[in-house]
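Line order of the protein sequences matches chains A and B. Converting from the first sequence to my numbering requires adding 159 to each position, the first position being numbered 1. Converting from the second sequence to my numbering requires adding 159 to each position, the first position being numbered 1.
The reader is advised that the hints may include incorrect statements.
Stated by the list, open to error - Pairs of lysine-lysine residues, derived as DSS-like cross-links and limited to a Cα-Cα distance of at most 30 Å, are as follows:
# : chain 1 : residue 1 : chain 2 : residue 2
1 : B       : LYS562    : A       : LYS274
2 : B       : LYS230    : B       : LYS274
3 : B       : LYS562    : A       : LYS434
4 : A       : LYS467    : B       : LYS562
5 : B       : LYS452    : B       : LYS480
6 : B       : LYS562    : A       : LYS479
7 : A       : LYS562    : B       : LYS480
Calculated directly from the structure, the hints in this document are not laboratory data. Because the structure is a prediction, the values reported are computed rather than measured.
Number of protein chains: 2
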Amino acid sequence: MNLFPVLLGLALSASAQTPSNSAAAAARQWREAHERSILTEFMSLLSISNLARDTDNIRRNAEAVSALFQKRGVRMQLLEFPGAPPVVFGEIRTPGATRTVVFYAHYDGQPLDPKEWTTPPWQPVLLDSQLAAVPSSGAIDPAWRIYARSASDDKAPIIAIATALDAIKFSSITLHQNVKFVFEGEEEAGSPHLADIIRKYQDLLPSDVWLICDGPVHQSRRQQIVFGARGVTELDITVYGPVHELHSGHYGNWAPNPAMMLAHLLASMKDDNGKVLIEHFYDSIEPLSETEKRAVAEAPDVDAALLKEFQLGRSDGAGKKLVELLNYPSLNIRGMSSARTGAGASNVIPSTATASIDIRLVKGITPEMAAKRVIDHIRAQGYYIVATDPDPATRTSHAKIAKVVTLPGGYNASRTSMDLPVSQLVLRTAESARGPVVKLPTMGGSVPLYMIEQILHAPTITVPIVNHDNNQHSYNENLRIQNLWDGIELLAALLAM
Amino acid sequence: MNLFPVLLGLALSASAQTPSNSAAAAARQWREAHERSILTEFMSLLSISNLARDTDNIRRNAEAVSALFQKRGVRMQLLEFPGAPPVVFGEIRTPGATRTVVFYAHYDGQPLDPKEWTTPPWQPVLLDSQLAAVPSSGAIDPAWRIYARSASDDKAPIIAIATALDAIKFSSITLHQNVKFVFEGEEEAGSPHLADIIRKYQDLLPSDVWLICDGPVHQSRRQQIVFGARGVTELDITVYGPVHELHSGHYGNWAPNPAMMLAHLLASMKDDNGKVLIEHFYDSIEPLSETEKRAVAEAPDVDAALLKEFQLGRSDGAGKKLVELLNYPSLNIRGMSSARTGAGASNVIPSTATASIDIRLVKGITPEMAAKRVIDHIRAQGYYIVATDPDPATRTSHAKIAKVVTLPGGYNASRTSMDLPVSQLVLRTAESARGPVVKLPTMGGSVPLYMIEQILHAPTITVPIVNHDNNQHSYNENLRIQNLWDGIELLAALLAM
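Excised from the complex, chain A in its bound form (with noise of 0.2 Å):
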């Protein structure tokens, strides 16, 4: 799927050269000599089922994740927390480094449908993009891709790090700063217990920066140093017709319509250009700094080959394009459903309607803001909220009613300024590593990072590896071969940094 010739002919050039990085380098040069054994270890740590709720399954991927890094004479530990997945945490000190740096990742993967993913989530497979056979044995073309939930979100860092360790014994490099891992298990639950786990566990944390290897890299398929990440939080939101559902030829045209409700009161919430209509939504967002506002405009222009990619005729936006879109709050309806549709469907009034939406937050917004002035939306529209199910009598006695549930693990989002010397050290590193590398402010996504900020106060700056196109959080999620060896360089580079 070359969409980004141009673009890409930068990057690749880029990845042909042998890098002036000489940990990178050094990591070129042992994963070339083990290609095929990289990809068997990787698999093996895919073959477990990591939803953070299979408290069995979770703690298997925990000890494999452990053992990996045990392997490589790393002294690891299982930091424990009452009703939460372990965090993995693993150390390597160096005599006399004046500097401490946390590779975090996390091992947990987004919940998942099996019946829509064409081959099994966790019985990782490598096929190419199209989801093609390809052969066993001889050479592996990058752009061939390993299919498994979390190959790239976000088990792909895991390896890779695991990887750059063996090569940069394997040639003998010496590292200049103390590092240590955390290697979280409920990310993807909204990381529910992490600030309390750091709180318990901060004598074993103090660093002078965090590198959060998760997310993917620029659409261009660029090194991309991001500075940021919105927070998020999601609200469940139901509504009520009939108590049970009705014969839509009987009650049809006089008993109201849930889903019609619905639909009234979402679209109530955006306009037709994606702009979000909710009263207070913008306000209060922190401003972009000058160096931040010059690294969004110089950041590659990619909304043409991504619609094509996507194969979408239009983009929300009002013609803004995504970089910039990416710096403010956004509302996005994550499912949707009321009755049934397809074959089970059947001819009835349903008795309920129910939305789930996350809401994407910038500085400047936390998450109960946020979840206030949407509460505050539907109540303006004339729905009583409940937070519950509704009895007999609140429902007989209100014409429109809202239940409204804010899912736990919300966070707030998080930015650390371009400009710190640790900022700058880790951008050189990555350029000497990867070439020129795109810089932003911020990522769409969402990491928990202010915990680590507020607690810890250690800035954070995420460096992801994986391919944009890789299905995260859907089915077929994919790790392109060409990011793990592109990513195995870069965390070579900035754990002998």
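We have chain A; now place chain B onto it with these hints.
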């Protein structure tokens, strides 16, 4: 659930007195002596799963229905047509009769999701109206209910007719008319072959009137006689976002969300009072006659009681009564879906969003007219209309795309004049069996009456027997025992009229 104390009082006192109609009186006597065995025979019929598309089981139903009537000496045959479940046909010829009456019912049931049912849908069980267990011997409380798919819709009339035949035979009541039975096996699939079957077998079917034994009695629990039915057509509408789901963080604010597009589209179709805003939607309705208007005006007003029963705080229709609103076409969202809600939800921008709608039709509006009006409306909202999933070139060249699929099996509304001699005969007979009845020009639901009028030139009159609160078309479908007892009496009277 005694929500209609006044109206129910009327209905119950009618039930309590011995009917003046001798066949109805004989039916009561027979039923009182055989209650348990009637229910046993019924539950055996209900235990055969009966989806029209389940070829083997639907035929087992046909054979079981046929056997019920053969056992009672009726000459039966299965009318076969390629691809259709058989129509079960039976005939009782009466020497010297000048009138032939067809009793129609259907033995197939609505699709369902067993997970939604409290008890398995094809394991019929006798419970009270709160789904609590009842004694398995001793007197049967007529307020108890049988829970099973098709307990009401529409196997109840089949067992009621069979039982009425037992009573007629036992009491040596002489029939004065020829009687025919037509039991269909794919009504809930929209009767896609009934017109063809009627055409193929029309030599068997000459008749003066068809009595349609389907649908519920009035919500006041009074007997009603209905002279028409709304037609129906069903449309599936799918709108398109990105070709696959996208991470809502990385693309939220930029990639159009199909669930939000669908919300806007659906919201444009109806106002807050349920009035359809689609241009021409209410055009060309054939007006009610003076007799029909009077019948509507005289129908009991049950709206307040229904609001309470269904736990609704308001109704659609801007103050119009339910019985009046049924004489207008309706547009109903019967199901809506996009990505996932609940435990399976994830932070994605969905790829598609689908609504399934059913449109109830009245005289003067055909399925084709209604579908065209909806499609024209969707087009007027800026959508490019397709009939199958769009290819990449189509997707990228249109800002908004909607796939609209008209489901097979839609049909016209029908209405028989209340002033016909046979209409008057049916009304007199019903009132002699069941006391004063509610007369309605149309029922809200749909049965394929138009084809009987069109092909056989026979008028149709609907004689429902089941309770309105039967969860027809939904989970926990049930039949209130008193309705079965009353129905046996009504049908005995109509068989012997």
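**OP:** Measure nothing beyond the straight line between the CA atoms of LYS467(A) and LYS562(B); if it is 30 Å or shorter, mark the hint as holding.
**Re:** 20 Å, holds
**OP:** Would you check the hint for LYS452(B) and LYS480(B), treating anything up to 30 Å between C-alpha atoms as holding?
**Re:** With a Cα-Cα distance of about 13 Å, the restraint between LYS452(B) and LYS480(B) holds, given a limit of 30 Å.
**OP:** Decide if the proposed pair is consistent with the structure: LYS562(B) and LYS479(A), CA atoms, cutoff 30 Å inclusive.
**Re:** Distance of about 28 Å is within 30 Å: holds.
Original post:
Quick one, are LYS562(A) and LYS480(B) close enough, alpha carbons at most 30 Å?
Top reply: Given pair LYS562(A), LYS480(B) holds - Cα atoms ~29 Å apart, limit 30 Å.
Original post:
Given the hint that LYS562(B) pairs with LYS274(A), does the C-alpha gap stay at or below 30 Å?
Top reply: Since the Cα atoms of LYS562(B) and LYS274(A) sit roughly 23 Å apart, the hinted pair holds (cutoff 30 Å).
Original post:
Holds or violated: are the alpha carbons of LYS230(B) and LYS274(B) at most 30 Å from each other?
Top reply: 36 Å, violated
**OP:** Below or equal to 30 Å on CA atoms is what counts here, so check LYS562(B) against LYS434(A).
**Re:** 25 Å, holds
When the structure is compared with the earlier hints, a violation turns up for hint 2 alone.
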